[in-house]
Every structure is written in C-alpha cells, then in structure tokens.
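Protein chains: 2
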Amino acid sequence: MNKGLLIVVSGPSGCGKGTILAEVLKSGNFYYSVSATTRAPRPGEVDGVNYSFLTKEKFEELINNDGMLEHAFYCGNYYGTPKEQVMKNLENGKDVILEIEVQGALKVMETCPEAVFVFIMPPSVKELRRRLNKRGTESEDVIEKRIAQAISEIKLANKYNYIMVNGELEKAIADLISIINAEKMTRKRAEYLINEVLENA
Amino acid sequence: MNKGLLIVVSGPSGCGKGTILAEVLKSGNFYYSVSATTRAPRPGEVDGVNYSFLTKEKFEELINNDGMLEHAFYCGNYYGTPKEQVMKNLENGKDVILEIEVQGALKVMETCPEAVFVFIMPPSVKELRRRLNKRGTESEDVIEKRIAQAISEIKLANKYNYIMVNGELEKAIADLISIINAEKMTRKRAEYLINEVLENA
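First to last, the protein sequences are chains A and B.
Here the first sequence is numbered in the working numbering, starting from 888 and rising by one per residue.
Here the second sequence is numbered in the working numbering, starting from 888 and rising by one per residue.
Hints may contain errors.
One copy or any two copies: either way a pair holds, since identical chains are not told apart in the list.
[As the list claims (entries may be wrong)] Derived DSS-like pairs: lysine-lysine, alpha-carbon spacing no greater than 25 Å straight-line: (1) K994 / K1075; (2) K1032 / K1021; (3) K1058 / K1042; (4) K1042 / K1071; (5) K890 / K1058.
Read the hints as simulated data drawn from the structure, not as lab findings.
Working from the sequences, and respecting the hints, build out all of it.
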C-alpha cells in the first residue's frame, strides 16, 4: 500500500486559508490534523475543530515527550502539530492536510522533506489589511503587527513547493485541489504505476 | 508579460490522449499545435485538425530549414512539430499544448527543458489491446506491432514530469487540467508573484 500524501499549508493570518481548507476537506478523503495552541480561542472558535486549545503545561509536556511534529512560539503563544495521528494516517495510506504557521512549516521541511508545501498569499498587502480590518476581532495595533508578520512570512513563500494566491475563493479552492491531485502524478510519486500497467499484459 | 507554458503530452497509440486533449482544449485558452505527418489519414481524420498531412518532400524541406521543433521517423512515416506557431504563441503569453510521440518528446526535453512533460498511460496493456481491437481500423498484425511499441514507450514514462493513467475519461480530463493548473503554481513559475503581492502594501 502507498503511504498517504502529507500536505502542509501555510499563509499569513487573513489570507483565507481556513475557508479554503474547509472546502477542500469536504472534497476528498483527507485526515485534517488540528493544530494545538495555547492562545485563547477567538469568538466562534471551537476546541478540536479550529484548534486544540491546550494549557501551557500540557503543551510543554507534549514537546518534552517528542509528541509534536513541530512547534513554534509566536506572539506570546505556542502553536504546534501533535505527531501521533498524522503518522498513523499516513502509514494507513490516508492523505493528511496540516495547516501550519510558517516557522513550523520550515521545521517540517527538514523533518518531512517528502511532504508537499503550499503557501497561500493574499492578492496584495493592501487587500490583506482590508480583510483583517473587516474581521473586526482585533485592535488596530494588533492588526499592524499581523501585517508586519505577514510581510515577513510572504517573503519566505519561495521556500514552498507551490505558491498560490487567494484572490477569488472558488478559484483558490480549485487551485489547492489541483495541486494535491497533480502532486500525486509527479514522476517521483507515480512512477510505480509503470510496472503496474506493464504487468497486466 | 509572462511567457506561456509549453505542455507536451505523449502516450501510446490507444491510450486515449486525443479524446482527453480535445476536452482539455475546450476548457481553457490554449494554442494546440497540430502535428505534421507524412502518414495517410485514417478514416475520419481531417487535415489541419488531427494532423497536418504533408508530403514527404514538404516535410523534409521543413526539417532542412530548421522549421521543426522535433521530428521522428516511426513505422515508415515522419511525425513532427512545426516550430514557428509554437514559439510565437509562447512569446505572446499563451499556453501551448503539443501532442508528440515519445521519441519526439525526448528530443523536446533537450531543447525545451522548461516545458512540462505529461505521459498518459492506459490502465493496463490488456486494456490497451482491447481498445485497439475495438477501434477496428487496423489488422491484427498492426495492432500487435502497436502493442510492442506501446510497451517500449511506457517504459520511458519515467522520463516525463507527470505520469497519469486514463482509466476513466472524466477523471483523466480533470487530471490533465490539474497538472496544467498546478504546474503554474510551482515555486519556479510562481515566485515572481511574491514581489507583486508585497509591492502593493
């Protein structure tokens, strides 16, 4: 049996990755790994759906027991990816989608170089600012910090295998599905098929 | 302006590439380069649509004037890709799809390494034989020659960037569209977008 494909998606806060991922997850048979964090839930966020909201103590316990695929400390909080379920699903041939902050994704590039890394950008920094303001959950000051963070993250997009722009939601959803679909047909992932086709002569 | 993407599609006779390409061409804004050949048209084939049917003299004249992107001699006939329109369309930013026999595609890999090469396989050699028999245009003897040719071609699929299987037509059409779409988002083709996004701060 083939191992599943590990798809790592990053993008600055406000790029729309959450909305895109929700739709892509509906479109196929994926395991979505919910990130863990020690930050407080935003209004409407549900534990175990948007994030696993952990205490600082519990999070550090996981780090110390090698239970995190990656973790990062960002704006005063831990963010990370619990390892166990990801590995189990990949071994069982199931594709796994991870949404990881850039610093975390860069670490996974080192430990899981066979994964496919996708960076989602907003169409422009101007549009990103508009989206963050529209969300209305954060102060002007926090938004400007997020913009600065976004700019430094976007500068790292060239470390990723694929770079996509979320200008129009429907197109962005189709784009991410295309990437996952096409990646499975790349030579390195599909060349085992050659023998399969030839065997049944 | 960005140059267009050059997409080179190969696959053994009977793999269904013609049908897949016809649908993919309808789905987007491509320039489809009609191959030239000196072989006789099969029933229903139209000059300038399926192939440009050329005399041996005319074909050799093009070869001698460097007017062919590639050409090959196969089963007693020339097959090749006239160069001029391909280059003109790419320069104008238009994506170009070429359907080329394997020997020709291998040559284009050398001269146009920035192109994307897609190999379409039948689900099995058994199924290929069934499809060629069903077509009913060729003798048993010719079909067995085509099968032998197909097997040696399929063994070269691992030279291509992408390998896809045409088991079910609708899926194969979507697969080829995914490849073209995803390829444009690969880092090397999309990283120019990073500056575009950052510029408009």
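Checking against the hints above, which ones are violated?
Going through the list in order, the structure violates no hint and respects every one.
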